[in-house]
Amino acid sequence: MTTVRILHLFARELGINGDRGNVLALDRRLTWRGLRAQVDEVGVGDRAPAEPHLVHIGSGPRSALEAVLASGEHGSALRDWAAAGVPIIGVGAGFHLLSERIVSADGADRPGVGVLPIVIRDAPGRVVGEVLGAATPAGRLAGFVNHGVEVDRRSLAPFAVLERGRGDGPREEEPALDGARSGSVIGTHLGGPVLPMNPTVADELLGAALARLGAALPEADDRTLLADERARQARAAIAGRLGRAGLAV
Amino acid sequence: MRIRLAVLVGRAVRVIARLRGGGSAIPGNIALRIAPRFLEHALGSLPLGVVFVTGSNGKSTTTHMLVAALRAHGMRVFTNPSGANLPQGIASALLATVPLDGRVRDDIAVLEVDEAYGVGLSRRLTPSDVLLLNLQIDQLNRFHEPDRVYGMLATMRDAATRRVIVNGADPNTAELGRGARPDQEVVVVGVSEAALAASPRGVAAAPRATAAPGAALPAAVVEVLSVDGARAELAVDGERASLALPARGLHYAVDAAAAIATARSLLGDRFDTATATGAISDLAPVYGRGEVIDARGQQVELVMMKNPPSLQLNLDALGRVPQRVMVAVDEGTPDPSWIYDTDLSTLDHVDVVTGTKAWQWATRLAYEGIPVGAVIEDFDEAVDAFLALPAPEDGPKVAVINYELMMALRLRMGYLDLEGGA
Ligand SMILES: [Zn+2]
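Here the protein sequences line up with chains A and Y, keeping their order. The first sequence runs 1 to 249 under the numbering used here. The second sequence runs 250 to 671 under the numbering used here.
Among the hints, erroneous ones may be present.
So the derived list for chain A, only partly shown, Cβ under 8 Å to chain Y, looks like this [claimed, not checked]:
(1) 13
(2) 17
(3) 62
(4) 67
(5) 69
(6) 72
(7) 233
Okay, the calculated bits of chain Y under chain A, using three or more residues with CB under 8 Å as the criterion [unchecked claim]:
(8) 416-427
(9) 449-457
Just so you know, these hints were derived from the structure itself, not from any lab. From a predicted model like this one, the values you see are computed outputs, not experimental measurements. Glycine included, every Cβ here is placed at the ideal spot set by N, Cα and C.
Please construct the entire structure, taking both the sequences and the accompanying hints into account.
Given below as structure tokens:
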């Protein structure tokens with residue numbers, strides 16, 4: 001049986017807002033379909049692991065992100081894995097960590113690990129609230145964002161085009177965008193947490209991990225379908241609160 | 250003149266508000282609008298000053314304990330009721346007792362203070378003593394990140410003219426203690442290694458990168474040695490003392506230790522350990538967030554969902570796997586993502602999930618494999634369905650509920666006094 005090794009990187013240091021839910025969703029969506037998941041938590045001071053099949057990095061306060069970056073740990077491994085096509089998702093500070101540079105309000109300019117060629121800058125204001133993605137063939141993304149940065153995405157594609165709610169680009173950006181994508185790497189500010197709330201993204205990551213193992217993601221079972229229907233209702237509720245009741249999500 | 254008017258009008262509004270079951274902050278709000286310096290005037294010249302109690306969790310409990318310990322020593326204490334920790338809530342509490350000249354006659358004020366509002370309050374009331382309980386994950390939609398709350402607590406610490414009392418077991422408040430000014434006395438409350446090791450949840454400190462210890466923290470004057478159910482063993486100035494807690498868990502033991510350490514500092518030679526532990530032991534037990542309400546003749550125990558550590562504490566405090574459970578959460582909890590950090594092993598099913606965030610909770614429960622009876626977004630309908638379920642054999646029905654829906658439930662069940670509970 002195929003075992004997918006999921007690395008929850010900096011789980012102790014970064015993960016203040018239910019980010020474990022992303023890892024739980026990945027884990028259950030494999031085991032419910034009869035595959036095996038192995039979740040490893042690795043943080044500052046731990047030995048660098050062998051190349052995982054999938055990497056998750058959660059959110060956290062700036063002080064924790066700075067401490068992680070100052071440790072210099074696991075950065076070169078992340079660059080190697082991204083280059084090799086390992087699916088990686090970073091949320092909030094975990095997304096900032098993947099950037100090239102992080103510029104604080106006080107002018108401090110720190111290097112990120114450089115997996116995504118983008119720049120994160122502290123913004124004058126904070127963006128807090130629910131967001132709804134634009135229609136895509138796979139449905140609409142939804143979630144809750146809470147950050148105080150502006151992302152200079154350079155030429156990278158966003159993770160989500162937003163129909164409602166503030167994005168993480170310049171204030172006047174139209175349409176509003178969230179996060180970034182490059183190859184097998186996703187960075188986003190969507191909470192919810194993002195993967196239980198948006199299971200298509202979870203399955204995309206799992207599909208990419210399995211493809212590298214020469215396998216495919218099996219059909220969803222009843223438990224997966226139940227969770228996904230509830231997540232759909234949760235997104236529909238967000239759409240309703242944002243004035244878009246009745247939309248297909 | 251303005252003060253007298255503020256007291257008169259505020260009192261009149263308070264009477265009307267109570268008759269209508271209205272919000273308890275309104276009278277205080279109006280008094281503050283008439284006399285913006287109402288609080289400074291009322292509390293500015295107390296002989297023993299003003300004590301602030303703040304932190305992410307345990308503010309209400311610790312304030313209760315500290316007030317009980319001081320009163321048991323014969324002190325006259327002004328305090329604010331549980332959760333009335335914003336300026337308008339404190340003003341409302343003043344209206345209940347203050348004479349027409351607006352000056353409190355007590356020896357001392359012990360105030361539970363909200364972290365964010367405490368910054369402004371500390372400028373207006375210049376506390377003599379500030380008790381910093383903990384910094385945990387709390388209301389990220391409001392506070393954004395723990396680093397910001399740390400700044401708020403640091404501002405309050407800096408405002409203390411005499412003393413800072415800190416929980417040395419929380420690395421965040423320990424760091425705040427190390428950063429105190431030389432002219433401030435730092436009093437430390439500790440938890441023994443054994444007690445920490447025996448507690449499955451520890452002190453639930455928010456993960457922040459704390460600065461490398463510079464100045465050493467003074468030794469703890471009160472230490473939690475062990476917790477056994479709802480009893481705790483403390484060392485007070487090296488002497489062993491035992492007391493009953495209002496509920497099970499290390500968290501309550503730390504609250505008690507902090508209250509005792511603060512009372513000891515305030516009372517000096519007059520402090521008597523047995524008097525303090527006796528007063529705290531006599532406090533009413535807390536179930537969950539302390540409340541079992543009567544709902545159309547049925548008992549419903551409220552498990553408050555305020556922030557991750559408090560929800561966990563309240564679920565753990567249930568002490569049983571409840572037979573009839575409702576989960577009710579609305580926009581008062583704008584982002585309930587953190588429920589994925591909560592250990593739900595005390596639930597084996599949920600009968601009804603309701604509120605605007607019902608489907609997010611239902612998704613969480615699906616991933617935990619916890620069966621759900623029904624998701625009914627409409628709150629009133631859900632309450633009817635929940636109350637229609639057969640009575641459980643194991644005690645009250647249980648509602649895991651956020652503050653806003655708890656208030657809605659109380660109102661619906663005919664509770665007019667919204668100041669109660671919590
Ligand atoms: Zn039941």
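Results for each hint:
| no. | hint | result |
| --- | --- | --- |
| 1 | 13 | 6 Å, holds |
| 2 | 17 | 5 Å, holds |
| 3 | 62 | 6 Å, holds |
| 4 | 67 | 3 Å, holds |
| 5 | 69 | 10 Å, violated |
| 6 | 72 | 14 Å, violated |
| 7 | 233 | 4 Å, holds |
| 8 | 416-427 | violated (count 0) |
| 9 | 449-457 | holds (count 3) |
In this structure, the earlier hints numbered 5, 6, 8 are contradicted, and the remaining ones agree with it.
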